[in-house]
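Enquirer: Each chain, letter by letter, is given below.
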Amino acid sequence: MDINFQHVNFKYDKKQKINTLNDINLTISKENEFITILGHTGSGKSTLVQLMNALILPTSGSLTIFNQEIKQKRNQPLKEIRKRIGLVFQFPEYQLFEETVLKDIMFGPVNFGLNMEQAKQQALDTAKLIGISDDLLERAPFNLSGGQKRKVAIAGILASNPDILIFDEPTVGLDPKGKKELLSLLDKIHKETHKTIIIITHDMNIVANYSNRSIVLKEGNIVFDGKPIDLFNNKTMLQSMNLDLPYISRVAENLKAAGKINYKSVPLTLDELYDCITGDLNE
Amino acid sequence: MNKIAFGQFVNTNSIIHKMDARIKIIGTILFMITIFLVPTNNFYLLGALLVFALILILLTKVQLSKYLKSLKSIVFLLVFAFVFQVIFRNNGTVIYIHYFKFTWNNIVVASFIAAIYLLIRKYLPMKFIFFVLTTVLIIYILGLPMHGAILNQNTIKLSIYEEGLISGSFIILRVLTLILFTTILTLTTKPTELNNAIESLLKPLELLHIKTSVFAMMVSIALRFIPTLFLEADKILKAQASRGVDFNEGNLKAKVVQIISLLVPMFVVSFKKADELAIAMEARGYIPGEKRTKLNEMKLQFSDFIWLFIFVGIFTTYILLRIL
Ligand SMILES: Nc1ncnc2c1ncn2[C@@H]1O[C@H](COP(=O)(O)OP(=O)(O)O)[C@@H](O)[C@H]1O
Ligand SMILES: [Mg+2]
Numbered sequence: 002m003d004i005n006f007q008h009v010n011f012k013y014d015k016k017q018k019i020n021t022l023n024d025i026n027l028t029i030s031k032e033n034e035f036i037t038i039l040g041h042t043g044s045g046k047s048t049l050v051q052l053m054n055a056l057i058l059p060t061s062g063s064l065t066i067f068n069q070e071i072k073q074k075r076n077q078p079l080k081e082i083r084k085r086i087g088l089v090f091q092f093p094e095y096q097l098f099e100e101t102v103l104k105d106i107m108f109g110p111v112n113f114g115l116n117m118e119q120a121k122q123q124a125l126d127t128a129k130l131i132g133i134s135d136d137l138l139e140r141a142p143f144n145l146s147g148g149q150k151r152k153v154a155i156a157g158i159l160a161s162n163p164d165i166l167i168f169d170e171p172t173v174g175l176d177p178k179g180k181k182e183l184l185s186l187l188d189k190i191h192k193e194t195h196k197t198i199i200i201i202t203h204d205m206n207i208v209a210n211y212s213n214r215s216i217v218l219k220e221g222n223i224v225f226d227g228k229p230i231d232l233f234n235n236k237t238m239l240q241s242m243n244l245d246l247p248y249i250s251r252v253a254e255n256l257k258a259a260g261k262i263n264y265k266s267v268p269l270t271l272d273e274l275y276d277c278i279t280g281d282l283n284e
Numbered sequence: 003m004n005k006i007a008f009g010q011f012v013n014t015n016s017i018i019h020k021m022d023a024r025i026k027i028i029g030t031i032l033f034m035i036t037i038f039l040v041p042t043n044n045f046y047l048l049g050a051l052l053v054f055a056l057i058l059i060l061l062t063k064v065q066l067s068k069y070l071k072s073l074k075s076i077v078f079l080l081v082f083a084f085v086f087q088v089i090f091r092n093n094g095t096v097i098y099i100h101y102f103k104f105t106w107n108n109i110v111v112a113s114f115i116a117a118i119y120l121l122i123r124k125y126l127p128m129k130f131i132f133f134v135l136t137t138v139l140i141i142y143i144l145g146l147p148m149h150g151a152i153l154n155q156n157t158i159k160l161s162i163y164e165e166g167l168i169s170g171s172f173i174i175l176r177v178l179t180l181i182l183f184t185t186i187l188t189l190t191t192k193p194t195e196l197n198n199a200i201e202s203l204l205k206p207l208e209l210l211h212i213k214t215s216v217f218a219m220m221v222s223i224a225l226r227f228i229p230t231l232f233l234e235a236d237k238i239l240k241a242q243a244s245r246g247v248d249f250n251e252g253n254l255k256a257k258v259v260q261i262i263s264l265l266v267p268m269f270v271v272s273f274k275k276a277d278e279l280a281i282a283m284e285a286r287g288y289i290p291g292e293k294r295t296k297l298n299e300m301k302l303q304f305s306d307f308i309w310l311f312i313f314v315g316i317f318t319t320y321i322l323l324r325i326l
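Chains as they are written, first to last, in our numbering: chain A, 2 to 284; chain B, 3 to 326.
All clues stand as given, with none of them false.
Covered stretches of chain B, as calculated for chain A (at least 3 residues, CB under 8 Å):
#1 236–243
#2 246–258
Cross-link-like lysine-lysine pairs, in silico, DSS-like; alpha carbons within 27 Å at most:
#3 Lys178(A) / Lys192(A)
#4 Lys74(A) / Lys129(B)
#5 Lys121(A) / Lys104(A)
#6 Lys84(A) / Lys129(A)
#7 Lys192(B) / Lys71(B)
#8 Lys296(B) / Lys205(B)
#9 Lys228(A) / Lys192(A)
#10 Lys16(A) / Lys71(B)
#11 Lys18(A) / Lys129(B)
#12 Lys257(B) / Lys72(A)
#13 Lys257(B) / Lys74(A)
#14 Lys12(A) / Lys71(B)
#15 Lys18(A) / Lys237(B)
#16 Lys275(B) / Lys293(B)
#17 Lys74(B) / Lys129(B)
#18 Lys237(B) / Lys72(A)
#19 Lys237(B) / Lys12(A)
#20 Lys20(B) / Lys71(B)
#21 Lys104(A) / Lys255(B)
#22 Lys255(B) / Lys121(A)
#23 Lys15(A) / Lys237(B)
Keep in mind that the hints were calculated from the coordinates and are not lab data. Just so you know, even glycine gets a beta-carbon here, dropped at the ideal spot from N, CA and C.
Given only the sequences and the hints, what does the whole structure look like? Please build it.
Expert: Put into structure tokens, the structure is as follows:
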């Protein structure tokens with residue numbers, strides 16, 4: 002497996018009494034996974050993804066990323082890992098600093114060893130993929146709108162062509178259109194390249210519509226790791242974690258309560274609900 | 003990110019904590035002056051002040067380790083001052099004299115010990131104590147009369163004078179007392195309280211049309227935002243690291259880019275935060291320099307007057323002793 006956590010504990014400070022992350026066991030493949038990470042604020046989601054990028058090092062336990070054991074010491078080669086695992090932080094627009102949008106997108110690829118020509122080509126391709134128009138490329142990043150800045154920052158990560166893409170609450174603060182665009186883009190990347198994508202989110206509709214695996218954190222512990230459908234069928238888990246159902250599932254529940262339809266496993270997407278209704282009619 | 007929380011305030015709710023912050027500041031300033039009023043090498047007067055500091059420390063009910071921690075940062079300075087005094091004093095009564103006569107053997111043994119120390123240094127607890135011990139050991143070994151080829155025909159003479167030891171100790175004691183008094187202040191007073199107290203003490207300046215309340219507000223905002231900015235810096239550092247910035251990388255050009263990639267976003271974030279804060283403050287009716295009421299109005303208690311009486315009493319006693 003490409004990312005492998007075994008009994009990993011993490012503390013930000015040695016003096017902390019309880020672990021920020023506690024006994025994490027997790028394996029993630031670099032292909033065909035679309036993972037959503039859920040949990041309350043402060044449950045350790047951001048900390049978990051920073052471990053995956055070796056930005057912070059495990060306090061104890063064993064963490065292996067692309068066959069490299071991450072040790073608890075300062076000088077170890079981590080660049081390769083950072084290149085192969087692209088992490089987009091929450092509010093990534095704050096990391097922009099170059100004079101032009103193009104230069105900022107090129108920054109990652111250059112750091113990871115591409116020459117100027119290659120980096121520029123990568124940046125142009127990525128900008129196109131993500132929908133940054135050509136006239137923006139020579140502008141200063143600070144004059145863009147919030148949504149545009151976010152796009153540029155995300156392009157800056159995608160341009161390094163990582164094997165696994167991680168997003169920390171990427172849709173927070175975007176308008177509905179921007180949100181939809183971003184998610185369709187990620188879905189497209191996932192479908193075309195089969196790269197694993199990991200998203201931290203509070204939005205159950207993202208969980209239901211896009212992901213094929215969900216991880217739920219509670220106070221630093223993984224309390225669920227499995228298919229979204231199993232999560233949404235697990236009423237006690239949903240209740241104890243204060244998680245909502247996706248919109249479609251709520252509609253379905255109401256229909257079921259009114260005796261209009263019946264199902265064993267709650268529909269998560271529009272298609273599933275449609276099947277459920279038409280299936281009922283056909284019977 | 004509690005470790006960078008500003009100030010060292012520890013709340014034990016002792017009588018020292020309850021003392022009015024203005025009285026504490028005045029007291030601290032008086033003691034600072036008093037310490038320097040003590041005639042050189044008068045251990046009794048200085049000792050009395052130290053005892054008074056220790057009494058206050060006991061009254062604060064803060065663990066002693068907190069005080070030791072604040073002393074730790076200046077131990078090096080103290081040792082340095084002491085050694086300086088002892089070595090370079092050269093008049094008065096000699097109490098110890100040593101002729102260094104280096105042989106190769108001395109050098110070899112000493113470097114051996116130095117090498118071992120450097121190797122195991124990382125794993126040692128209480129690094130500073132070991133550093134001092136090793137240094138003393140090395141100097142001692144260098145001084146041992148050993149057999150072997152003599153390196154240098156000239157001997158080096160180290161003589162220690164009684165006066166050197168005395169004045170060295172006095173300096174240490176003086177700085178120690180000084181630090182203890184200021185530590186009492188910072189350990190028992192919240193930064194905001196301290197700020198309010200300074201504002202209140204500077205009130206008379208308003209007569210000169212200097213807006214002290216605005217400065218006080220600036221200081222308290224700065225204090226409030228230091229931890230926030232540290233957190234932001236940490237985030238940006240990580241964000242750039244995930245874009246392949248290697249902050250351990252050496253060459254100058256790389257370093258410049260690293261610093262820019264950190265500084266520019268820091269400026270952007272700080273300005274944004276400042277902007278938001280200014281708007282939020284205005285929305286809540288803050289007008290610079292205008293009269294504001296306070297949530298915790300500082301009021302002098304009877305006990306505060308007693309404290310002030312004690313502090314001023316000690317101060318005047320020392321002045322009188324100095325004059326008479
Ligand atoms: N840089 C840091 N230093 C110290 N503690 C931190 C730091 N970042 C987060 N924490 C703490 O770790 C816990 C988990 O935080 P985080 O991983 O950001 O949670 P989430 O992303 O799920 O909201 C929280 O209690 C938070 O206060
Ligand atoms: Mg988070």
